[in-house]
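Keeping the supplied structure of chain X fixed, place chain S upon it in accordance with the hints.
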Amino acid sequence: MSVEKQKALALSLTGSVFAGHRFANYYWVAPLALGFAVWEALTRFGVVPSKSLPTFSSVLLVFFSSIQSVTFLLRIAHSFLNLVCGLLMAFSIALPLAFAAGSKNKFDLTVTPLIMLFGALPDLSFLPLLVLWFGPGNVAAVIMASAAGFFPIYFTVREGTKNIPRELFDVTSIFKSDRLSTFTKMVLPAISPHMFSGLRLAYDFAWEIIIAIEIATRVAGIGNFIDGNVASGSLQSGFAAILAIALVAIAVDRLFFGSLESWARKWA
Amino acid sequence: MENHVELDNVSKFYDAEQKLHALQEVSFGIGLGEFVSIVGPSGCGKSTLLKIIAGLDRPTSGEVRFNGGTVQGPHGKISMVFQAFGLFPWRNVLENVEYGLEMRKVSKKERRNLAEQYLEMVGLAGYEHMYPKQLSGGMRQRVGIARALAVEPEVVLMDEAFSAIDEVTAEVLREEVTDIHRQTGKTFVLVTHNLSEAIELADKVVVLSSRPAKVKKVMPVSLERPRDRTHSLFIHMHKDILHLLKEELENTLIRHKLQGIRELQSIHDIEAQGSTAKPKQPLITT
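First to last, the sequence lines map onto chains X and S.
Residue numbers 1 to 268, in the numbering used here, belong to the letters of the first sequence in order.
Residue numbers 1 to 286, in the numbering used here, belong to the letters of the second sequence in order.
Honestly, the hints are just simulated from the structure, not real lab data.
Misleading hints may appear alongside valid ones.
[Said to hold, decoys possible] Below, simulated DSBU-like cross-link-like pairs (lysine-lysine); rule was C-alpha separation at most 35 Å, straight line:
(1) K106/X with K19/S
(2) K77/S with K104/X
(3) K239/S with K162/X
(4) K239/S with K19/S
(5) K176/X with K217/S
(6) K204/S with K162/X
(7) K108/S with K176/X
(8) K105/S with K104/X
(9) K176/X with K104/X
(10) K176/X with K133/S
(11) K214/S with K185/X
(12) K217/S with K257/S
(13) K109/S with K185/X
(14) K104/X with K217/S
(15) K176/X with K239/S
(16) K133/S with K266/X
(17) K176/X with K204/S
(18) K185/X with K77/S
(19) K217/S with K162/X
(20) K176/X with K106/X
(21) K266/X with K185/X
(22) K266/X with K204/S
(23) K266/X with K214/S
(24) K217/S with K185/X
If we strip away everything but chain X, and leave its shape as in the complex, we get (with noise of 0.2 Å):
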């Protein structure tokens, strides 16, 4: 095999393991390992007092031996899961009002302004009534998650269906198309690139929120385990947990909307 394919083969592989180009090349490693010297530099030299940040090496360490430890994972798995459902609910709820009013003039005019003046207001202003309603729980951790996650999915949602050329409508009405095939076979997937960065933008939006609850409310997930290890002064610990979250959210960017992407890029 010549160098040149060898290139490209290797390439290939990292494109797919990582379904994208953003990491497709290698040019990020560089600075990347450069802010991590620059860390390891200042702490081991004292030019930062190792009780505002502890040593990078030291972290790796706590690292490694944390994501061994099955509470570790439990913590890291709940804040997924609440993070998840508060995705699911906000897609489930966002989709169908999105299509009405992307579809339907006068629902977009009743509905959309409505929905903008919710999204004004800042979100997590809401939590202390949720957390009267429902408790400082899972609950509370969801729906705030749902919120955050809403609106991006109902503005790509809306956009991308005012967007299907009204041509592609008389072509599924000419080959009498039932409604179940035109939703499933032409809207969803002419929607698709929209709604997948509004997806992306909502699972971002969610970890936010969904990290500042478990600050704020003591739910059991990575959050708190971050609080309370800083707070007590094991500073390694609370860096790594951020590690930790770090690769989770960009593996799941990477595997799930990467691939999504590449999907639509093919095409679209």
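For chain S alone, coordinates are given in the frame of chain X:
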């Protein structure tokens, strides 16, 4: 000749208040296996008429008959080729052509066979797995034509099917459509604003007036195929149709001017009364 498709006093208003009049008592027949072109001033309602024939739109009054029965909605035996091709970008060429068959629950194997057969007919064998974005406009329209033919319709409607394609490609495609018409013996109806195209392809050209569209003239084309655009009869016919359309355009302009005079008069009336009272009935009505 028994009419395959018959338009009987088809009228269409775009709105419930019946102010936007698109079609006014349009009647003509289309024979079995005939190729009919419909031309008219832009915005006259040609495409609306085609949609009504397709069953995609309903006439306000009158009816379209197909094989003697009233067209109530999309009909399995009437197929359509679209101006902007109407392809699904997420489906490859083969899957696009299979779409109509899929909606009819044709088995996977059979629809593959049919799709391949019609792709062959439009010269796209070997492009089955390309996506629409990878194809040129002319090739996309070939997919559109193959998709329309794959459901084995009796009537193929073409809505400005060549107008989004560059002229040279369109010329080649027109020749191929002529061949397909001859080979299959299907009935074709083409809406176009391109007069040469209308004459080149059709057995007869229906000329519509400006809005509300009425049938201004039905002109049989007796030229032999393949047609020579430089033939004196061809040129003569082109001239005749152009003349008819220009006449329509002038009528429209006069109507617009009269409308203007009417409005001026209303203003004048209001000023004469020195108030914003309701103006009197204008003297000129169109």
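To see whether the hints hold, each was checked on the structure:
no., hint, verdict
1, K106/X with K19/S, "holds, 22 Å"
2, K77/S with K104/X, "holds, 31 Å"
3, K239/S with K162/X, "violated, 43 Å"
4, K239/S with K19/S, "holds, 33 Å"
5, K176/X with K217/S, "holds, 34 Å"
6, K204/S with K162/X, "violated, 39 Å"
7, K108/S with K176/X, "holds, 18 Å"
8, K105/S with K104/X, "holds, 30 Å"
9, K176/X with K104/X, "holds, 22 Å"
10, K176/X with K133/S, "holds, 25 Å"
11, K214/S with K185/X, "violated, 39 Å"
12, K217/S with K257/S, "holds, 26 Å"
13, K109/S with K185/X, "holds, 19 Å"
14, K104/X with K217/S, "violated, 40 Å"
15, K176/X with K239/S, "violated, 41 Å"
16, K133/S with K266/X, "holds, 9 Å"
17, K176/X with K204/S, "holds, 30 Å"
18, K185/X with K77/S, "holds, 22 Å"
19, K217/S with K162/X, "violated, 40 Å"
20, K176/X with K106/X, "holds, 27 Å"
21, K266/X with K185/X, "holds, 17 Å"
22, K266/X with K204/S, "violated, 44 Å"
23, K266/X with K214/S, "violated, 47 Å"
24, K217/S with K185/X, "violated, 42 Å"
Checked against the numbered hints given earlier, the structure breaks hints 3, 6, 11, 14, 15, 19, 22, 23 and 24 and satisfies all the rest.
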